[in-house]
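Here's the letter readout for the chains.
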Amino acid sequence: MGNWLSDYNSELYAFGHRIGAPEISENEYVKALTNESFFERADVEEQVERAQPGAEIGTEHNGELVRKGEERLSIWLKRYLRFHLAKAPEELIDSVDSHLLNDECLAGIAGHLGIDHLVRTKEFPISQQSSADAFRALAGIFSDEKVKNLVIDFIVPQLVDIDFADIYPLADPLAVLTDLLKAEGVTEIEPRLLRSAGENSAEPIFVVAIYADKQKNVGQSAGESVTIAIDMAAREALLRLWNITSDRVLFFGDRAASVPLEKYSEPNYSLTKKCAPGTNTSLLDESQPTESPDNLIEAVLRYRNIVDAEVGKSYTKRLRHKFSRGSLAKRSFRYLVKPKPYTVA
Amino acid sequence: MPSVPRVDRLKPIYTAAKALNFGWRFSDFLKIPAYNGISRYTNQLHRITVRFCKQSESSVGVRNFIENQIVEIGRKNPSVVIYAQPVRNSNPSIRAEYGNGRTLQINAKNMTETEVSKDFHLLFSRSGEPVVKLESRQSALCPSVQGQWTPITWLPTAMNTESLPAKQFSEHKSTATSATEYILQNQPK
Amino acid sequence: MSYRRVASRFDRVNQWLQFSRQWHVIDANQQDAELLGDKIARYLAGKHKPIYHPETDCGDHVVVTNCKDIAMHAFDWKHTVYKFNMEYPKSKADIPAWQIHEYDPCRIAFLSVYRSLGNNLLRRRLIQRLHLFPDSEMPEFVRQNVGSQLRQVQEVVKRADEYTSEERARFPKVVKFAEGHVVDWEKSIQNPGRHSKPVPGQKEK
Numbered sequence: 001m002g003n004w005l006s007d008y009n010s011e012l013y014a015f016g017h018r019i020g021a022p023e024i025s026e027n028e029y030v031k032a033l034t035n036e037s038f039f040e041r042a043d044v045e046e047q048v049e050r051a052q053p054g055a056e057i058g059t060e061h062n063g064e065l066v067r068k069g070e071e072r073l074s075i076w077l078k079r080y081l082r083f084h085l086a087k088a089p090e091e092l093i094d095s096v097d098s099h100l101l102n103d104e105c106l107a108g109i110a111g112h113l114g115i116d117h118l119v120r121t122k123e124f125p126i127s128q129q130s131s132a133d134a135f136r137a138l139a140g141i142f143s144d145e146k147v148k149n150l151v152i153d154f155i156v157p158q159l160v161d162i163d164f165a166d167i168y169p170l171a172d173p174l175a176v177l178t179d180l181l182k183a184e185g186v187t188e189i190e191p192r193l194l195r196s197a198g199e200n201s202a203e204p205i206f207v208v209a210i211y212a213d214k215q216k217n218v219g220q221s222a223g224e225s226v227t228i229a230i231d232m233a234a235r236e237a238l239l240r241l242w243n244i245t246s247d248r249v250l251f252f253g254d255r256a257a258s259v260p261l262e263k264y265s266e267p268n269y270s271l272t273k274k275c276a277p278g279t280n281t282s283l284l285d286e287s288q289p290t291e292s293p294d295n296l297i298e299a300v301l302r303y304r305n306i307v308d309a310e311v312g313k314s315y316t317k318r319l320r321h322k323f324s325r326g327s328l329a330k331r332s333f334r335y336l337v338k339p340k341p342y343t344v345a
Numbered sequence: 001m002p003s004v005p006r007v008d009r010l011k012p013i014y015t016a017a018k019a020l021n022f023g024w025r026f027s028d029f030l031k032i033p034a035y036n037g038i039s040r041y042t043n044q045l046h047r048i049t050v051r052f053c054k055q056s057e058s059s060v061g062v063r064n065f066i067e068n069q070i071v072e073i074g075r076k077n078p079s080v081v082i083y084a085q086p087v088r089n090s091n092p093s094i095r096a097e098y099g100n101g102r103t104l105q106i107n108a109k110n111m112t113e114t115e116v117s118k119d120f121h122l123l124f125s126r127s128g129e130p131v132v133k134l135e136s137r138q139s140a141l142c143p144s145v146q147g148q149w150t151p152i153t154w155l156p157t158a159m160n161t162e163s164l165p166a167k168q169f170s171e172h173k174s175t176a177t178s179a180t181e182y183i184l185q186n187q188p189k
Numbered sequence: 001m002s003y004r005r006v007a008s009r010f011d012r013v014n015q016w017l018q019f020s021r022q023w024h025v026i027d028a029n030q031q032d033a034e035l036l037g038d039k040i041a042r043y044l045a046g047k048h049k050p051i052y053h054p055e056t057d058c059g060d061h062v063v064v065t066n067c068k069d070i071a072m073h074a075f076d077w078k079h080t081v082y083k084f085n086m087e088y089p090k091s092k093a094d095i096p097a098w099q100i101h102e103y104d105p106c107r108i109a110f111l112s113v114y115r116s117l118g119n120n121l122l123r124r125r126l127i128q129r130l131h132l133f134p135d136s137e138m139p140e141f142v143r144q145n146v147g148s149q150l151r152q153v154q155e156v157v158k159r160a161d162e163y164t165s166e167e168r169a170r171f172p173k174v175v176k177f178a179e180g181h182v183v184d185w186e187k188s189i190q191n192p193g194r195h196s197k198p199v200p201g202q203k204e205k
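Residue numbers (UniProt numbering), protein chains in the order written: chain A, 1 to 345; chain B, 1 to 189; chain C, 1 to 205.
Don't read these hints as lab results, they were simulated from the structure.
Quick reminder that beta carbons are idealized off the backbone N, C-alpha and C, glycines included.
Incorrect hints may appear among the rest.
[To be verified] These stretches of chain A come out as covered by chain B in the derived footprint (C-beta under 8 Å, 3 or more residues): (1) 9–18; (2) 29–40; (3) 64–74; (4) 144–157.
[Stated by the list, open to error] Far from chain A, by Cβ distances over 10 Å, these chain C residues were calculated: (5) Val-6; (6) Leu-35; (7) Lys-47; (8) Leu-130; (9) Lys-187.
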């Protein structure tokens, strides 16, 4: 049930107010919201009268603005991230930045702002990339202050829902952790098994903690196997080292706007440089689906070969309390056969 | 005349509506579109269309509303586009389109001007999310402050190092004093 | 709050931990069968967990050792009668607990727990997580599985001959006894064995 009524100029005016920059002229908005493919549209090419939403309004497209806006958004976002994650390496900041400014996220924000109705493009429905590009182009036409507001108001709130361990999944977190702790002066880093239950079952659980100098618990986690638990404990230790804990406070709105973010333009330390040269600081390849950690076939075979051989079947399968003494033909009278424990129990 | 009489039963309508993607849902957790309000609050209403008939009596309230109040509302909310669409021989209605792509329609037939104004302002305050019964009145980003319970939260840490079964974890503890303990505590002279 | 919270790897392991199945071990030595059965049934069902729900299947495994030393109150070994086969008319078999215990040392513990689980559809599944051993020996794979120990239900009392003479001397004298008064047996008496009724015609030894 769409509204076929659409006055482009009114929509632009309203959009300017919605995004918080009504002072910018209409022509600039039109330029930012015009996709390159618009001029290839059949009706625009032939200069059809009253082609929606009107080729006569603007003749430039937003290609250059997209590039400019992308840079500016990234600069401000990284400044914000560096302020909050002061102890995190630059690679993590880059990861978060590229994740929050990817096409999918920006297209979502653009959709909720109503950009999808305003973008002039050939494709219908609008593609994710065009929608995201339009948002980037807007950052291209805004003033620096307004771009900062754009980042703080629309991009940064997504941080509440992301998990930093998934955004920056190191392939070998324990090695990286060891290097970082050694740089801080810790001599011994060892993972220790705190709890375990059901080791030889289908649902094992292991709780592992990583101890520094046999004293301090730097990271703890559970897992389906010892390897998984150690891996997760190392990731938790790294996040704790970088002060990315669940009790962190992120600044939003006015509180964030009042912070002098320009002072955080210098990149944080580089993880590859800080770690030893042999340490693997690459990320996991998340595009391939990983194997499920449960060991069902192994558990079944173990049950059949080892467990069953030793303890046999469970009582309910072994006993038949409501026993039947046999068919009518085989049953003898009760007074003749006194039930004994070894016949009934 | 169909062979099986078509009777509108409530049950199939209910189950069908539950399956609809765009239909109304009965209950859900509180949802906000696009993290609105965390940093900045933007009005999720993008455009409102008032459809009315210039002639019929049912659109009187809507017509009066358009004459008297609509310009003021438009001035106060510059981020919303308001369309007034005259349609012949139709029921007057107000259609609102929101940021999440949903459209709401309110039938304004035989409404007075004040009623139309009330509904108009209601649409300004909504976010486009469907009206649902809340599963919970509480909604928080942080699910737990003290930490969620796990089977190992209250397990004594001394059990880690011992090989089970061990005697010190097996002993029965009781607040009642046994006779032996009583005598040992109150030694006779 | 918003739509987009995706389950992270930490969410996965934390959920696995929260709903993990524990393996408890409990010693049945000198424990009343009924009380022990109630406690074990509670852990098998998962009622000790704040996340309990009967449909969640959140129960734990329980390993019971020393089942042969399980105890019963007063004359219950004689009076507790287990009924078998109520299926057909005139085919009831009533067997006292002591006979069952003679035949299978773990069976009394099993029947007690089975009863405590309630008369419902869940108990057939929950009882499969109960592992009974007559003494303190158990297979290695069970011993490795165990993660926690449960407290006993009753106090374990020492037999008279288990007290050393130092302990006896240390205990405060409440009553003044005459010389040569026999306080307690220092040695246990030999078990006279099961009484067997003499066959008619045979003389009792």
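Verification of the supplied hints:
1. 9–18: holds (count 7)
2. 29–40: violated (count 0)
3. 64–74: violated (count 0)
4. 144–157: Our answer is that it holds, as 6 residues pass the Cβ test (under 8 Å) against chain B, meeting three.
5. Val-6: violated, 8 Å
6. Leu-35: holds, 21 Å
7. Lys-47: holds, 18 Å
8. Leu-130: Per Cβ check, Leu-130 of chain C is inside 10 Å of chain A; nearest 8 Å; violated.
9. Lys-187: Fine: 33 Å to the nearest Cβ keeps Lys-187 of chain C off the interface.
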